[in-house]
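With chain A held as given, fit chain B onto it using these hints.
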Amino acid sequence: MRIAVASGKGGTGKTTIATSLALSLAGFEIPPIFLDGDVEAPNAHLFLSPAFEQLQEVAIQIPQVDESKCTYCGKCAEACQYHAIVMMGKKTLVFPQLCHGCVSCALVCPEHAICETPQVIGVLERGSARSNISFARGVLNIGEPMAVPVIRQLKQWVQPRLDQLEILDAPPGTSCPVVESMRGADFILLVTEPTPFGLHDLRLAVQVAHELKIPVGVVINRDGIGDQQVDEFCQSEGLPILMRVPFERAIAQGVAKGKPLVDIHPEYVELFQQLFMQIAALP
Amino acid sequence: MKIVISAISPDLDSVIDPRFGRAAYFVIVDTHTLEWQSYPNPGTNASSGAGTQAAQYIASLGAGVVVSGDFGPNAYKALDAAGIAMYLLGTSQTVREAVRNYKADQLALVNAPTAPGHHMH
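Residue numbers (the numbering used here), protein chains in the order written: chain A, 1 to 283; chain B, 1 to 121.
By construction, these hints were calculated from the structure, which means they are not laboratory data. We put the beta carbon where it would ideally sit given N, CA and C, even for glycine. One or more of the hints may lead you astray.
[What the hints assert, rightly or not] Selected chain A positions facing chain B (Cβ under 10 Å, derived; list incomplete):
| hint | residue |
| --- | --- |
| 1 | Ala79 |
| 2 | Gln81 |
| 3 | His83 |
| 4 | Val86 |
| 5 | Val103 |
[To be verified] Here are some chain A residues pointing at chain B (derived, C-beta under 8 Å):
| hint | residue |
| --- | --- |
| 6 | Phe52 |
| 7 | Ala84 |
| 8 | Met87 |
| 9 | Leu93 |
| 10 | Gly238 |
Excised from the complex, chain A in its bound form:
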């Protein structure tokens, strides 16, 4: 089973919730796997202190055009929905930073003038973290724009044991990297804050989850600030609110020092376990 922790709005507490959920379930017979999918700014390691033992590069296939074979027919440029390969008169230009590595251009080239060469865009790292949690993360190289392949390969890289829970900390937003983080999950835990901003992005994140047909539950963080609109939205949409974490100075101070929520307030261990039981009990 995989639970993706997402939010829409950034800074609502995804990593705070995801890491403490993992720590609270670490006493299970098989400790969970934690995946940091926020590959543009991974930070879950600050809370779970993994010792990385394995590293693997992430590469995507970038086209290379053999000018001696190219007849400038333009079929590659027509096929590329990202406009990463274009025909400029008698020149075929490749823009690696726009390329998603789908290899359509090479497949449609009637002259077999395109070969694909791997280009490294990031790395995957894994090792054992606190409380025997298996920790893995993707890190997108600085200057690279394409997070999706790193997240996709991160999900494939870890091989969970039968009945081993995976917790995936997703990036903020609702764009492609978030869709890739949610895809394949059995449940999506949306962490939000009860503010107009939190609600605005929660709505978008819920739409993505619905589109992917994955069940959703909500955690309201910084409870007590803002207004009632997130509650009202959840009620009208039939979304279960699985936990509330109050807006509290001690939590903010602890998290800022890299302390997991369950270290700041150990009583949350039981609450996170109950939260998980509620998810597991869903049909």
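Leaving out everything else, chain B in the frame of chain A:
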């Protein structure tokens, strides 16, 4: 000489569109006769690669010069490879003014990308 100007509506008296890759229209004008034609930009709502798509489209229109408000790194690289000269709109407010300013040699030639990439996923 045929020049292309990015515009918000499809005619000679249209207000210019300062964006290149996501311009609403491209108006192609013959600088001698002022005959013109307009084309909707196919990449105006592209999720990515708007600049390269627009550049390819400009090349297919057979224009040698394009005038717009800025040119990102990908658009610049593509237009430059095709030998298409890029100029900035400067103070031009309409397509007609941009043509006049171009003919009067009042527009700045672009020698490097003028805007950072807008690429975001």
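### Task
Report the numbers of all earlier hints that the structure fails to satisfy, in ascending order.
1, 5, 6, 10
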